[in-house]
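Visitor: Sequence:
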Amino acid sequence: MTHQPSETPAASRRLTALLVEPDPAVRDVLAESLKPRFAVVLLAGTLAEAREKVLAGQPDLAVVAARLPDGPVAGLLAAMQGGRPPVPVFLAGTPEDVLAVLSTVALPGLRCLVRPFAPKALEEALDEAAGDIAARRFADEGWQLVRHLLDESPNPSAVLHGAEVASLNQAFLRFMGLGSFGEFKARGLILDRFLADPPPPGGLAAWACRLPDDALDRDHRLRLARPDRPHSPPQVFQVGVTRLPGRNRCLLTLTDVTELELERRELLDLANRDPLTKALNRRKLGDVLAAETARSQRYATPLAVVMLDIDHFKAINDTYGHDVGDRVLMELTARLSAGLRQVDRLARFGGEEFVVTAPGIDAKGAVEMAERLRQAVAETPFAAAGPVTASFGAAAYRPHDRPEDLLKRADEALYRAKAGGRNRVERESPPQTEVR
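So the sequence shown is residues 34 to 469, counted in this note's numbering.
Treat the hints with care, as some may be off.
Below are the DSSO-like pairs computed for lysine-lysine, each with C-alpha atoms no more than 30 Å apart in a straight line [as the list claims (entries may be wrong)]:
#: 1; residue 1: K317; residue 2: K153
#: 2; residue 1: K86; residue 2: K153
#: 3; residue 1: K317; residue 2: K347
#: 4; residue 1: K311; residue 2: K347
#: 5; residue 1: K451; residue 2: K441
#: 6; residue 1: K153; residue 2: K311
#: 7; residue 1: K347; residue 2: K153
#: 8; residue 1: K68; residue 2: K86
#: 9; residue 1: K347; residue 2: K451
#: 10; residue 1: K218; residue 2: K153
#: 11; residue 1: K441; residue 2: K397
#: 12; residue 1: K68; residue 2: K153
#: 13; residue 1: K218; residue 2: K311
Simulated from the structure, these hints should not be mistaken for laboratory data. All figures in this text were calculated on a predicted structure; none of them were measured in a lab.
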């Protein structure tokens, strides 16, 4: 009595088996074992019939007799195992016939059914093969479904395997200007190629697969540049990573948050910048000075602060009106900003007073910077009010200074510049030495 498989996967009911056996009695025995496990069992008694069946549609599994009346079976076996995907093949026959075939062809994964068949071993071998095929088909169908769902998503997505890219969805390919994932591979591209910033250590793909292990569960954003828009600002994406089954596999999903990022920056500007001049406001200046003084204390690096005040600004407002005064403040900010380095920070301290924070500059450099800025203000008349001058006070960081200490010494130097005739630069007083 034929053993009925107890737990054959449901997917196996859609599978096709090819049985190639010239002996009717043997063919009946094997067919009875295949039918409970496969939806369709194709029968062939000769090599020619078997080839016709294979050409009509590749089976999911084949049981092939080691001896056929019309020729050797080695070529048929090689053709089926060389397919994409390869067809699992059982070679059936007497020990002598099986050995004769194996001596002529080497096919990895080829399994043998030696006559006379042991019923239990035969059933177990077919159960295992049907289960493996059904599981692989189930996985393939699941993968196809995943790819379909990802392709329908408007968000760029990539399936990653460690540092390698296993798949890209259509949204990601469109962003890259590519027609297919095959083109991505053929051109030797990597995700880092599209980053607007330096890639993370180990590359973007490997970095993304490490994110699920981030104990802090931080938000991450990436700026990607579109190849077809080289002069456009990069797009900003929120990064989402999901761990997938299998070792070091993950799904990377990017959500476009460019508009949200612009809104966030606008809100930060409102919170951190003076609305008229667009220089940093006094609150943000406090944050900058706290960070810079801490850095100077830790690394023993120079830091300078320059405080300036427009001379006779009240007279400008009284003579020309506050609208002109505002225009003078805006033009002054533009002139000062043009004379600063990228690391320098300009802040409006209040009214017509401004502060420049200059990391990496000592007391001598602070005076030289202040003099350049003074000349930038005084040498060319302002568009709205004619000649305008400003007075400057410079101070440099001393060990254990607090931000207010540095500002106080710069303010005292500014006061001396005002008292000394205005339109000039004064440096802080030297530290007092202890008298014993």
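Visitor: Take the hints in turn and mark each one as holding or not.
Guide: Now for the hints, and whether the structure bears them out:
no. : hint        : in the structure
1   : K317 x K153 : violated (81 Å)
2   : K86 x K153  : holds (29 Å)
3   : K317 x K347 : holds (26 Å)
4   : K311 x K347 : holds (21 Å)
5   : K451 x K441 : holds (15 Å)
6   : K153 x K311 : violated (85 Å)
7   : K347 x K153 : violated (105 Å)
8   : K68 x K86   : holds (17 Å)
9   : K347 x K451 : holds (14 Å)
10  : K218 x K153 : violated (47 Å)
11  : K441 x K397 : holds (18 Å)
12  : K68 x K153  : holds (16 Å)
13  : K218 x K311 : violated (47 Å)
Hint check: violations occur at hints 1, 6, 7, 10, 13; the rest are consistent with the structure.
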